[in-house]
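The task is simple: from the sequences and hints, build the whole structure.
Protein chains in written order, with this note's numbering: chain H, 39 to 249; chain E, 790 to 1337; chain V, 65 to 383; chain L, -5 to 76.
Just so you know, the hints here were simulated from the structure itself, not pulled from any lab data. The structure presented is a predicted model; accordingly, all values stated were derived computationally and were not measured. Backbone N, C-alpha and C define an ideal beta-carbon position, used for all residues, glycine too. Mixed in with the good hints, there may be bad ones.
[As the list claims (entries may be wrong)] Selected chain E positions facing chain H (in silico; Cβ < 10 angstroms):
id, residue
1, Leu812
2, His816
3, Arg894
4, Ile1018
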Amino acid sequence: MSGTESVAFDTPQRERRGDNFAMWVFIASEAMLFGAIFLVFLVAHIDFGRAFAGASKHLSLPLGTFNTVLLITSSFTMALAHMLALQRRWRATVWALLATSALGVCFLVVKGIEYGKEIQEGLAPLLGLPFRYSGPDPVHAEFFFGLYFAMTSLHALHLIGGIVVITGMIALWRTANPASRLGRVVAVGLYWHFVDIIWVFMFPVLYLINR
Amino acid sequence: MSTEALRPSSYLGEGAGPAAWLLTTDHKRVAWLYLVSLTAFFFLGGAFAVLMRVELATPAGDLVSDDTYNRLFSLHGIIMVWFFLVPSIPATLGNFLLPLMIGARDLAFPRLNLASWYVFILGSAFALASVLAGGVDTGWTFYTPLSTLYANGFVSMAALGVFIVGFSTIMTGINFIVTIHTLRAPGLTWFRLPIFVWTMYATALVMVLATPVLAASLILIVLERLFGIGIFNPALGGDPLLFQHLFWFYSHPAVYIMILPGMGVVSEVLPCFSRRPLFGYKAVALSSMAIAVFGFLVWGHHMFVSGQSAYAGVLFSFLSFCVAIPSAIKVFNWSLTLRKGEITFETPMLYALFFLALFTFGGLAGLFLAALAIDVHVHDTYFVVAHFHYIMVGGMVTAYMAGLHFWWPKLTGRMYSETWGRIAATVTFLGFNLTFFPQFVLGFLGMPRRYHTYPPEFQFWHILSSAGAVVLAVGYLMPLLYLGWSLFRGARAPANPWRATGLEWQTASPPPPHNFETMPVVTRPAYAYDMKGLKHERFSPHREEAAQ
Amino acid sequence: MSFGIPFAPPEASSIAGSVDTLFYALLAFTAALGTFLTILVVFYAIKYRAGSGAERTGERARSLPLEVTWTAASLLIAFVIFGWGAVLFLRREHPPMDALEIAGLGKQWMWEFRHSGGQREINELHVPVGKTVIVSLASQDVIHSFFVPAFRVKQDAVPGRTTHVWFIADEPGQYHLFCAQYCGTQHSEMGGWVTAMRPEDYAAWLGNQGKGDTLAAGGEKLFRALGCSGCHEKSSKVRAPDLAGIFGRPVALDNQQTVIADERYLRDSILDPKKEIAAGYDPVMPSFDGLLDEGEMQMLLAYLKSLSPQAPTKNEATQ
Amino acid sequence: MSELRKLTFGYLGLLALLALTVGSSLLDLAGFNVTLNLAIAAAKAILISLLFMHLTGTLPRLAVAATGLWLVILFGLTLIGR
Chain H
39 MSGTESVAFD
49 TPQRERRGDN
59 FAMWVFIASE
69 AMLFGAIFLV
79 FLVAHIDFGR
89 AFAGASKHLS
99 LPLGTFNTVL
109 LITSSFTMAL
119 AHMLALQRRW
129 RATVWALLAT
139 SALGVCFLVV
149 KGIEYGKEIQ
159 EGLAPLLGLP
169 FRYSGPDPVH
179 AEFFFGLYFA
189 MTSLHALHLI
199 GGIVVITGMI
209 ALWRTANPAS
219 RLGRVVAVGL
229 YWHFVDIIWV
239 FMFPVLYLIN
249 R
Chain E
790 MSTEALRPSS
800 YLGEGAGPAA
810 WLLTTDHKRV
820 AWLYLVSLTA
830 FFFLGGAFAV
840 LMRVELATPA
850 GDLVSDDTYN
860 RLFSLHGIIM
870 VWFFLVPSIP
880 ATLGNFLLPL
890 MIGARDLAFP
900 RLNLASWYVF
910 ILGSAFALAS
920 VLAGGVDTGW
930 TFYTPLSTLY
940 ANGFVSMAAL
950 GVFIVGFSTI
960 MTGINFIVTI
970 HTLRAPGLTW
980 FRLPIFVWTM
990 YATALVMVLA
1000 TPVLAASLIL
1010 IVLERLFGIG
1020 IFNPALGGDP
1030 LLFQHLFWFY
1040 SHPAVYIMIL
1050 PGMGVVSEVL
1060 PCFSRRPLFG
1070 YKAVALSSMA
1080 IAVFGFLVWG
1090 HHMFVSGQSA
1100 YAGVLFSFLS
1110 FCVAIPSAIK
1120 VFNWSLTLRK
1130 GEITFETPML
1140 YALFFLALFT
1150 FGGLAGLFLA
1160 ALAIDVHVHD
1170 TYFVVAHFHY
1180 IMVGGMVTAY
1190 MAGLHFWWPK
1200 LTGRMYSETW
1210 GRIAATVTFL
1220 GFNLTFFPQF
1230 VLGFLGMPRR
1240 YHTYPPEFQF
1250 WHILSSAGAV
1260 VLAVGYLMPL
1270 LYLGWSLFRG
1280 ARAPANPWRA
1290 TGLEWQTASP
1300 PPPHNFETMP
1310 VVTRPAYAYD
1320 MKGLKHERFS
1330 PHREEAAQ
Chain V
65 MSFGIPFAPP
75 EASSIAGSVD
85 TLFYALLAFT
95 AALGTFLTIL
105 VVFYAIKYRA
115 GSGAERTGER
125 ARSLPLEVTW
135 TAASLLIAFV
145 IFGWGAVLFL
155 RREHPPMDAL
165 EIAGLGKQWM
175 WEFRHSGGQR
185 EINELHVPVG
195 KTVIVSLASQ
205 DVIHSFFVPA
215 FRVKQDAVPG
225 RTTHVWFIAD
235 EPGQYHLFCA
245 QYCGTQHSEM
255 GGWVTAMRPE
265 DYAAWLGNQG
275 KGDTLAAGGE
285 KLFRALGCSG
295 CHEKSSKVRA
305 PDLAGIFGRP
315 VALDNQQTVI
325 ADERYLRDSI
335 LDPKKEIAAG
345 YDPVMPSFDG
355 LLDEGEMQML
365 LAYLKSLSPQ
375 APTKNEATQ
Chain L
-5 MSELRKLTFG
5 YLGLLALLAL
15 TVGSSLLDLA
25 GFNVTLNLAI
35 AAAKAILISL
45 LFMHLTGTLP
55 RLAVAATGLW
65 LVILFGLTLI
75 GR
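Right under this line is the structure:
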């Protein structure tokens, strides 16, 4: 056909517009998923603000902040990849993508360290692990940590998905023509930025409760 | 046959064998993949229903144990809702027709479309595995804390199945939205779109925005069951009513996923067999969008007696009455479409008229449920069961049958038996009313739903209902036979057997692989059946060359 | 007349009649509209069947006045029905004064009722005719729903909170009691009979039941056994709020807010004392979460309420 | 080069906002902290979507507007209903 991946589109330009819109609709859908989870957290926070504020102080603010910096930086490199792909500087684009996924991996490593620390301190009431908590109201603090692990691991899963897609895209780099390379960078970029935005909300909501 | 050689190549002749079907990206073949899988689920869910109705013929629980009965209605609900009704028209007829109706070669993302079917099958595998392992006894609503702390079936597996199928729904929704926005043929403006396309758009909107919330609530149920996070467990600080909010935020709009496509089908069939344009086209189109949006505002009417605040109940009741208006508008418009027509009564038209009756009565019953004081009495009784079966079975399944017969020549290139079609439609209509009308009376009497045994004074109405279920089952089995037969022996169908105006009829039956020999250009509104008033526009097939 | 076939449930409460009036009015309206549409469609179908000689000229595919008319008419009718239903519904919020309060506890799969005199019954509920009865509902496990069709009342019993339903039975007799919210294996067995009796018969019935402690007296015993009295009594060393007359009274919290001490507040303060701390007191009270079952919670609440005899029986103040 | 400048500006802006939100959380603003944190998060989200995600064109804006509306419905009616 005329250089489009889908038989439905007649020109690459129209296809790009369709791809772009599809990504936004997908993001809308994902936003509702996270919205519902945030709502659950908000309701619990309204009910047990004090317990949640106390529990939140047991999270590592330095690690959380560092991770936020990592993720913001990865979004920046991803935006660079988009810019470079538009300029058809393919080699540089690949480097930017590699940097993005490397930063994503770093985020996961730091998150893993955090999880390990929390498990050691007895703050992970999951899979039969003991829950040791010295502050007031341990019942609802446990609830907080349950939500914390649920939310952050859901976010981490999304990040892992992004890293896998970027890696796969680089692996298939040579087989793709310029138009589809650009299309893929744009699409995965939108997804990556969205996962970043989720973290931008998750970070203050979980780490910065101060009441 | 020599005619075979003269036919333009059709999508059906593109390649036989399992691989050609299982790896196809042609939306028309993907529609068939869905059609076959959904038919299987329809009869599986139907079998559960028949077993339930047989059990309920007597007040005592003498056929199956209470636990088995609970699993029967739970699986009936889960399978019928997520594995039949939600995907029914969109994934089959919608998949097949949407590109044809807007003059596109395929859906925007053909591979995503195929992938959505595989995701559907993966979800089905989980659901079927949970059935084979022993089922679930939570009801299709998965209410907490029953589903999280007390249910002993294979809840996580079933929930996972529904969760996965949700992604298939979302993928279909994204595909439809992008297709309708970006791939309409030249000249096909929004207000020239067939109503079926409008309803697909509205449905897709609901699919994309509501399904993730269901996904979230199912994730939370599974997390709670596996890891003991007390999100809905009051002993740990959770809130069981929060689950109901999340669940109905999805499941009430999902009711509109289940009825909007049916409205779309009927809006195609009624004008065609009345030879009249659809009355009040714009109102019908916009009311579909109104239903999709307002449908999100009314979920609290499932919770009037749940302990939510009374004033929230009043608000949700008010909004529920508002959402009734667009449906009422549609009913009036459909009825008026018949006026001054040249009406014939082929099978699709019979089904469409039956839809009109059943949907109207089901919808009017909804007024009782939206009225707060009455809902307190009939909530969670057979009145509710009767109401939503009038909408989903009497409405949606009837419309599905109308659509299946209407487009059968286009899907298969064959005609079905008109006699058998009319008999089956009539049997279904009678069987349906016999099954579900008595349930309105039962509900008003106070018969709660999901009861394995019941007080003997209710038996008269239960017997009527059970008898009706048998008739209804016969009504649904007949098309399986004569449509199956026509697949191989039916008369060859012409391109446009009903003399209909839609773009899908302007190409061969069955259509060629990329739908149109030459891409169409649209010059007139939908449903130009009326020669008067449109006389100045030439009635010509949409075959003009695309002015690219 | 009806050959033993039931068409409507008995009307046995003060509100049943008015709910039925709305029901039948709506039935008449929907039947009329449904019949009209059916006749219209059948009439068109016959008159305009293909080949009939009916006049077909001068018809348009839309008519704005007609569409506006039926949209406006539908809206108007919908709002009337809404208003009617809502007004009747809001009576649920305001039970008449001077009510008899009975504690109802749902558990898989039975209803347990305790009268204020301590009389217990399972899947049976005896009530006097002509007197307001408030059933305060709790659940031991999953969500249940208290449903008496003859009274036209229904209310879910939700674990972790107290809900209320009230009625005035106005006809002696036996009426079905159901659980309307699906609650597990023996859901359909969860229920029995509500027996409405003349007041004198009810008094006699109460007298014949085993005496036992009154609900409040049982609660008072718990209040001592659990050690609540150690801090909440005036003589105690630890400073804790005095609970005499607490129910229904506003309580100032340490975050400058004020709440009414209703059942929700008392329940939360027992299970989650750190959530809302009364101003001027140290947050030293331990949580009793897991130490009380729902039945004991109801007794404790009954005791605390008995300390404020003038308080309204239901937490209207919060509405 | 203006594109690069735009992205860098966005990146630095995000870091500054992060510093602001972490810093403010160390102060006690009497219940105002949550509001401030969420406002800063929203500002970051806007920066990312406008500068990094190139939120232009009718269709993407339509999707974002719909998401916003539906989230308002989800949060609003649930909280009213409780």
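Hints, one by one, checked against the model:
Of the supplied interface hints, the one on Leu812 of chain E is violated, with its beta-carbon coming no nearer than about 15 angstroms to a beta-carbon of chain H, more than 10 angstroms. Satisfaction of the interface hint for His816 of chain E is found here, the shortest Cβ-Cβ separation to chain H being roughly 9 angstroms, below the 10 angstroms cut-off. Checking Arg894 of chain E against chain H: minimum C-beta separation of about 5 angstroms stays under 10 angstroms; hint holds. At its closest, the beta carbon of Ile1018 of chain E sits 3 angstroms from a beta carbon of chain H; the interface hint therefore holds under the 10 angstroms criterion.
Violated hint: 1 only; the structure is consistent with all others.
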